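**Student:** In case you want the letters, here they are:
Protein chains: 2
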Amino acid sequence: MLRIPKPSYRFVRSISTKYFPNEPSAPVFTTSSVPGPKSKQINQELGEVYDNGATYFVADYFQSIGNYISDADGNKLLDVYCQISSIPLGYNNPKLIEAAKSDEMVSAIVNRPALACFPQSNYKDILEQGLLAAAPPGMTKIWTSLSGSDANETAYKAAFMYQHAKLRKGADFTAEELSSVMDNKTPGASEMVILSFDKGFHGRTFGALATTRSKAIHKLDIPAFPWPKAPFPQLKYPLEEFAAENRQEEQRCLDELENIIVNSPKQIAAAIVEPVQSEGGDNHASSFFFQGLRDITAKHGILFIVDEVQTGVGATGKFWAHEHWNLTSPPDMVTFSKKFQAAGFYFGNGDLQPKQPFRQFNTWCGDPTKAILAKAIYQEIKASDLVTRTATVGNYLYQGLQTVVSKSQGKFLNLRGENYGTFIAWDCCSVEVRAKVLQACKDLGLNMGACGDLSIRLRPTLLFEKKHADVFLNILEEAVGKV
Amino acid sequence: MLRIPKPSYRFVRSISTKYFPNEPSAPVFTTSSVPGPKSKQINQELGEVYDNGATYFVADYFQSIGNYISDADGNKLLDVYCQISSIPLGYNNPKLIEAAKSDEMVSAIVNRPALACFPQSNYKDILEQGLLAAAPPGMTKIWTSLSGSDANETAYKAAFMYQHAKLRKGADFTAEELSSVMDNKTPGASEMVILSFDKGFHGRTFGALATTRSKAIHKLDIPAFPWPKAPFPQLKYPLEEFAAENRQEEQRCLDELENIIVNSPKQIAAAIVEPVQSEGGDNHASSFFFQGLRDITAKHGILFIVDEVQTGVGATGKFWAHEHWNLTSPPDMVTFSKKFQAAGFYFGNGDLQPKQPFRQFNTWCGDPTKAILAKAIYQEIKASDLVTRTATVGNYLYQGLQTVVSKSQGKFLNLRGENYGTFIAWDCCSVEVRAKVLQACKDLGLNMGACGDLSIRLRPTLLFEKKHADVFLNILEEAVGKV
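Residue numbers (the UniProt record's numbering), protein chains in the order written: chain W, 1 to 483; chain Y, 1 to 483.
Same shape as in the complex, but just chain W (with noise of 0.2 Å):
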């Protein structure tokens, strides 16, 4: 069993048993192995009609409560990986049953409107009781959208019509240019480009897959725009040992990115960037680094889109990844999804709206039940201080870890996410380990992901605490003693 060390601050007490009294305190086995036969079976019918190749394991989220999600066999297992980073307040929050069965959320789900066109007459009240009140300082307006992918390409879409129209200072659209971008063709077509960090990832659909550069097999095949890469510190851990050189290894990438938008061929409309490169392997750089970025951006008249779909709503101590900066001033768009379930981005300058409508546009422009559960979601982090509370635990995780780190032999390395809430991560020795930890894991009862080359990340719920802490910790140090 792993010797916790002695945390140096007193916690607050739990929460999560105030909306999970029936939450299981450590995981329940059913079977030998997750995925168990049933969940199997399950994954190989559902593989007749849809593409299953990636399913790790079928869930039974009727039986999932909080921290714990149920396989199909009734495994139970404690989740750090939540859907990609996405379960903000555990499974079946009680909170969020009721606001699911609101008379708001069915009149939104069976009148689903076309906001653009026929916005309900309380979307105003919807987005200041939640998305709005969450929004990051200095961001007023907001554009609704559906995913992660859909949000940075509508931020996308926005800095390009903003680019042109300053560009075009006021006249209108010319001729050429009205007939031209009928061909997908200059100048009624843009040449501008967006710029994104090596290791970034910002998403699927075409737009967004062009600044995405984590792993090949996110973008082969697929056509790509001739879209500028900048590069993405690669700090040494630990961060103490190297602080001489990691802050070169940033001023080296701030100095490339200079040097790519000086010499770049085309315009360059924004520039977008990650406060952890999750996909990529979670890697950090510091507020000295961000600052940079968004200096540089600021004096070459470039847009600074922060991508927090992975990042934001709390996880990382703060409400969004990029408070931890102090930047000088603002982003000029930041983007969410994933924990808010509601997608889209926040800006502070109505110049970032085009003057004519159904330029940014589409049918629906968001989903008003993702924004009503937003809602529901900001509401009760508030109420519960959920993100000091995650800050908190965050800690005594990240000092946990640090001793199952020491101990493991040189099999993990590189802990990372110290001061960033629970989202901590750190390198195996080989992929062979890693998916030998997961495994492992899986089969003692616990749910990670993996991430980048090398990485395992964590990513569970903001009612992750001490005591979620504690079984993690003996489960990761009984897997990799086994590996």
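Derived from the structure by calculation, the hints contain no laboratory data. This one's a predicted model, so the numbers in the text were calculated from it and none came from an experiment. Hints are not guaranteed to be accurate.
As the list claims (entries may be wrong) - Think about it this way: if two alpha-carbon atoms lie no more than 30 Å apart in a straight line, the pair counts; the simulated DSBU-like pairs of lysine-lysine are:
#	chain 1	residue 1	chain 2	residue 2
1	W	K169	Y	K215
2	W	K355	Y	K40
3	W	K229	Y	K355
4	W	K185	W	K166
5	Y	K215	W	K166
6	W	K101	Y	K38
Starting from the structure of chain W, add chain Y where the hints point.
**Tutor:** Chain Y only, in chain W's frame:
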């Protein structure tokens, strides 16, 4: 008052009263014009935080019922636009409310899965009792997504991956592919193209938008792939008068299509077409043309995608509009969204599913709440035989419109959609007349939608019946008389 032509067949008894005993029998007015002052006020406030440039009026969905939409002032308008062709079974349909309140729905709302990683144990059942039960002939598999744009883009991705896999003949990715794709360059990034048709509309995300050719305002200032477009027939009306010319026009378009294919500098992975080009102006073509498309694409190894986002789910008097064509072999993929709320594409050929996992992939891979709603929608359509009913009332509506058009003194022309259910449209003699007619109709309690340069399109619910058609025809005749 309009004299409705005596219908030549006996009408089936109304079924909408079963669903909506309290549906008004005519529009209800609380203000002299629509939008009323409250709607305007709310919309102005919404504009402070949200792009409201395209708002027609603010709706009160709690007060909307059946075929009548309520605005924020309490006016109740007969709705033949239906959230841009999306409300399948009327506002506040009790059977959909039942589905919305079900345990299955509540669970899917609060425990939203990453479907391709942790599918819920009953997902296959949900699909088989809904979306898959409704699948077009010859299509046994499904990919679920979030919107029409997303449905089309995932179909394009499937097409690109399929065509490259064919060229690769089972070989693995090359080192050059794996590295070049990370720079968005060939050979890893594809140079293949998707062919679409002049005036087609396939969505707003970057890949979808590159195939959209409806209007410049949809595309301006957004980067576009250099993908080809082919001409879509411009038919003359009434069809029986121009049979020979229209056949010639369709043959011209087919010839030109084949010419484009043969001379294309890049391999065409797929061609996409709408059965009726909706945003582009409700442009129809005959079965002859679509059979030609199927034959030419098959001959050249090009996948044939039918975009039924707007035409699907019964409105044309068949469940899928392409069933009107009696094709000798089914399309390769059929995309859907809107009336089904759920979105995605159907296919029959298992090779359209990439061999490697995580290629056709994203976090959500659709939304089970929408699949559950689609199940309820499908089951109600079947139970109440709503496709047949829509075909019947569509004929009645069409006959009535022939009278309105003939009496319009040239203000209306080119009526189209005979034997195509309620999927009917006509042109106005000018943009000004169209705008005036649409406003006059709103003020008389009828909500209609425009499309293309001069057209008005009808997109009522599947519970739109003779009594609604009578209200509609009377208002329309009164409105056109006023203009």
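**Student:** Look at each hint and say if it fits the structure.
**Tutor:** Outcome of the hint check:
1. Between K169 (chain W) and K215 (chain Y) the CA atoms are separated by roughly 23 Å; this keeps the pair inside 30 Å, and the hint holds.
2. Proximity of K355 (chain W) to K40 (chain Y) is assessed by CA-CA distance (about 19 Å); at most 30 Å being required, the pair is judged to hold.
3. With a CA separation close to 29 Å, the supplied pair K229 (chain W) and K355 (chain Y) stays within the 30 Å bound.
4. For the proposed pair K185 (chain W) and K166 (chain W), the alpha carbon gap of about 20 Å is at most 30 Å, so the pair holds.
5. Between K215 (chain Y) and K166 (chain W) the CA atoms are separated by roughly 22 Å; this keeps the pair inside 30 Å, and the hint holds.
6. Distance hint between K101 (chain W) and K38 (chain Y) is fulfilled; the C-alpha atoms sit about 28 Å from each other, no more than 30 Å.
No hint from the list above goes unmet by this structure.
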